[in-house]
Amino acid sequence: MSFKIKFLPENKEITVDKDTDLLTAALKADVGIYNSCGGKGICGKCKLKIISGEVNRSVLHLSADDIKNNYILACKTFCETDVEVFVPEESRIGLAEILIRGKKIFDPLNIKLAKTDVSISEDLGIAIDIGTTTLVVYLLNSGNDILCAKAMYNPQISFGEDVITRMIFAEKESGNKQLHSLLIKGINELIESCAKETKIHAKNIKSGMIAANTTMTHTFLGINPSYIRKIPYTPKMDFLPSQTANKLGLNINDTAIVKAIPSVSAYVGGDIVAGVIACNINHTDKPTLFIDLGTNGEVVFGNKEFLVCCSTSAGPCFEGGGIKWGMRAQSGAIESFKFENDNISYKTIGQHKAIGICGAGIISVISELFIKGIIDKSGEFVDGSSKHIKKGEFGLEFFITEKISMTSQDIKNVINSKGAVFSGCEVLLKKLDFEFLQIEQVKIAGGLGNALDIEKAIILGLLPDLPKDKYEFVGNASITGAKECLGSERKLEEAKQVARMMTYIDLSTEPEFMNNYTASLFLPHTDLNLFPTVKNILEA
Amino acid sequence: MEQALEKWQGKIYELTIGATKDEGGTRSKKVKFGGINTLPFLHFEGIVPNPPLIAVEVWDTEPTEWPDVLKNEYKDVLNNPMQWAKKCEDFGADLICLRLASTDPDTINASAADASKTIKDVLSASSLPLMIIGCGNNEKNSSIIMDVAQTAKGENCLIGMAVKENYKTFTAAAQAGGHSLIAETPIDINLEKQLNILISDLGFGSDRIVIHPTTGGIGYGFEYCYTIIERTRLAALASDKMMSQPIVTFVGQETWKIKECKADETEKPEWGSIKDRGFLWEKATASAYLQAGSDILVMNHPKAVKDIKIHIQELMKK
Amino acid sequence: MALSGLDIYKHLPKTNCKKCGCATCLAFAMALAAKKTSLDKCPDITEAAKQILDSASLPPMATITIGSGTKKIDVGGETVMFRHDKTFYHPTAIAVSISDNETNIQDKIEKIKKLNFDRVGMMVGVDLIALKNDSNNVNKFASVSKELSDKTELPLILLSDNPQAIDEALKNISNKRPLIYSANSKNYEQMSDIAKKHTVPLCICGKDVEELSDLSQKITARGVKDIVLDSGAREVSKCIQDFTKIRRLALKKNFRALGFPTIGFAESVEDASAYITKYANILVTSMDKPEELLPLVTLRLNIYTDPQKPIMMEPKLYSIGTPNENSPFMVTTNFSLTFFTVSPEVENSKIPVWLLVCDAEGMSVLTAWAADKFNAEIIDSWMKKTDIASKVKHKKIIIPGYVSVMSGKLEELTGWEVLVGPKEAAGIPKYLKTVWK
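Residue numbers (our numbering), protein chains in the order written: chain A, 1 to 540; chain B, 1001 to 1318; chain C, 2001 to 2437.
Please note that the accuracy of each hint is not assured.
What the hints assert, rightly or not - Each computed BS3-like pair below joins lysine-lysine, with the alpha-carbon atoms no more than 25 Å apart:
#, chain 1, residue 1, chain 2, residue 2
1, C, 2238, B, 1306
2, C, 2238, A, 412
3, B, 1164, A, 535
4, B, 1241, A, 430
5, C, 2423, A, 430
6, C, 2289, B, 1303
7, A, 535, B, 1306
8, B, 1241, A, 535
For the record, the hints were derived by calculation from the structure and aren't laboratory data.
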């Protein structure tokens, strides 16, 4: 038996058999639905509303209100008749233009676009950043100026939020093929959108540069990434993966060569190498800490003499993943938060109505509640400390708006993530007998939002307690690096050099890591002496 | 010749358990422990003001799991906590560790009132300072601890175990009853410190906490606990106030449950006499924990207690 | 002084050629600092750099070999005060002492041979026999030492402050390289000459640490290299303090005269335990009952376990209690702590169980799963290797709660019904009592 499903508001239709769940159906119908567990009924994010028709659903993750209002979880729901479903705003994966702030990394908000009067025959290029969560494309003219920049969610998100879930998916029959083609399709959409906006011919794009983590580089090139997890994996350092556009399926000039910035290891990829290039760490004498607050949470420490790096598996929570009301830094995301005498005030991106909380907002909320005594050092709500704390289905929640809350579980997740990043930094430094105070500059990359307040991140114990003027938020350093490498053979050569010299530290085999990690699962840290300014605030 | 002295900045809190009549209790004496400002027994570089103490376990019900070799030592008193406590006092215990095992919901499920009665009995039977610990069930422990602490109010007991899940209740109980508190964490130096911080953030004096970092028997995870204790001590000597609490280890408990102290000669002829094996094992464990830095040893076998007391006296000689 | 990774890196060629097996020169430098590789692996190191790095890596405490043949034993060579700083390398060698007045040497030897125990698939026990010259008779000492040397492979310690007795005994057995004990302020010249003549290690006994270091310098000056130290203390409190002083001066002050292993004497389990934890490299005792030695060798094993490397259990099918064909079948990894958490809980349940310990390279359940070392295929292969199918008739397998995700695959592979057990070991008794029928 088969049924027709109509997805609103996009009005996309598809016919499926009775054994196909709505998430799979949506995927087939090209409707992007957010979910972080790969359709296993774990994350509870793929909420849809049934408008008409009968379905067989489970009530997992659904509140009484949800059930009354006909909400369902797409991955656990099957049709019994033809149905019409509505995809609510918060479940939608769409084109997001927010994240594009790479440009000259010191001025992340303003991307200086070149004039778009491109001559009809001019050779163009594209730089592509393939993040686990986000895709970003820059269309570049022959002078390597940005003509146009577009971003979207990585459509592979439908198969799971982190690289491990995707590697496992790639083990399935044709899993790798699906990952590859979905990714290419997404990139093609971005290219098309750039071409349309700048009125150029995509066929004039004759070169491309990819910066991506190792898993993404694999799926982009169509190589199965599943073995990355399995064996001690060391990519060849001189290896510069490249392929022609038509083999990859990219809708640019067929003969265009698309290169990928080489990786360091299984869990530190070309995106991080690109970040090092973009921040010029390979040219400075200053001991520099580079932290990419993305899904993998990579950390680099070093200067032109030496470079060490690690991947902290921070998880997606600074990009809004794994958080009940978490979201990307998009319009409507709460990006900063204040709490005074049990009164709440907050700001959203674009001053829109609040629909969720982005990474910067998450950091702001938790550190503010901690400082004001609403959350204790172990991350638990102090019972009775605020009228905004209410008992929810899974423990206490702090309500920021009537609807949007921060749950106990959210806080735990954030503490785990910040702990992973901080202890990763600690291990790298200790490995080379450095103290935090010897760090001369810190570069923070990632898409958690421009409003990132360094002081709040320090209060949380996410970043080392260093003077604010040592910090710089560099936004998307990965694509900046890709752009530079596309524009200059010398930069590309440097990237190869960096990939070759960078020493990967596998945290899972570092004896001290677990100890540092559990020490950091506290606010701000078990060793308060590492955070003197926070100590002062707490004792004041 | 060059000196091998370390310049330690920190010092372990000195703690007193028990209260005499003048202080509102009924104990004949108090015990003091902690206060050391160097590693265990290094008289040449620091002050070791108090010898480590031995607490001996008294159960409120017969310990069915104990091997006969151990039960035989207490055979007349196993069902009588009062006599049991008296016996321990007679053979040299520094304090009594009363274990409210019968409150376990999986066994007798004795009530808070039952527990209170046992405590009163033991307090009347022995004049030694008291350590009181619950059963293996955290939830049950939290539900009776208020009554327990009230019953022994004024006696300045050491009560436990406060764990991550119930420390708020335990802290409140200890605060209200004027007792000191054992904070227990699972073999992790950070969790240990975190729990101490959380307890003192509730307004409880950090100088009234005793750390139980989990005890492992020799051959059964001993090395993890040994190292955690050493590291705790080093942190304390580097003046980390949240790690400067005295440390208790449950030496007997971890000795008498392992195969090496239970299997008889027919099963394991190569291991030697079952009669002596257990108490020798208990002594080896106690001695090694003393060297790690344990301030209170909770023990079982009278002979092991006597020998270790002498051993401690020897170690206290400069 | 130990150099840091970055210090070493400065002297390396920085070519990142990978010929040493490391991905980068810095990785190689860090491995060198952790003593996980050796400098000769670098083909391009300059002679000047080699000299600097070699001299910096001189060990602060010498390693001394006692005995010859298969049972010879290394002592000393320690680099840290606390095991968590790195690890302790050479377990305290335990010597059981015999008097040369002993009438039945053969019996005594047999008794000592039995002081050897199976612990987690590893044999641990007494390492040395110490012969005491109680008779004060030169010839008797020599003949008994010859007898011991003939009848046992265990290396010997010859205890006599009479140089003549030692010299006489060594005439027959110097090729066995026994440790001779001891040189003191009166006899050290003769003893040094004997030790040199027979090329055997020499133990020095001072009346305190100061005299000991003084003697050590004199004896070293006479050309003796293999030295063992005894401060002369016999009270437990004094011994612990002297051992600590000697170790600190050697390791932290790089004081060469005391940079040798130590020896201690204990006549009770509690004193012996104290010395094993606090810095005796050799322990001599007259205790010779299994119940006395078993806790000591087990404690020693614990103290000398590398804290940075999990000890692994032998992967195999363990029976806990006396399981039969209806007993539950559980599976876990070969991380020792995992095993030692799981097995007592199973015992507590009083239900006999087949416990399959799979080879997961010594990782705990979750870590092993993440690294793909504990998956359905591996469990399946261990089930086949241990032939569990012939031992139970129920075809049910209980897996740890943390790895419930592998249930489907495991059922598919084995055809057995997969039951998901509790996540924490503490839940096992309850689980077995309620869920298993």
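Going down the list of hints, with the structure as the test:
1. C:2238 - B:1306: 21 Å, holds
2. C:2238 - A:412: 50 Å, violated
3. B:1164 - A:535: 23 Å, holds
4. B:1241 - A:430: Holds. Residue 1241 of chain B to residue 430 of chain A sits at ~24 Å (cutoff 25 Å).
5. C:2423 - A:430: 33 Å, violated
6. C:2289 - B:1303: The given pair, whose Cα atoms are some 18 Å apart, holds under the 25 Å limit.
7. A:535 - B:1306: Roughly 47 Å separates the two Cα atoms, so the pair is violated.
8. B:1241 - A:535: Satisfied, since the Cα-Cα distance of roughly 14 Å is no more than 25 Å.
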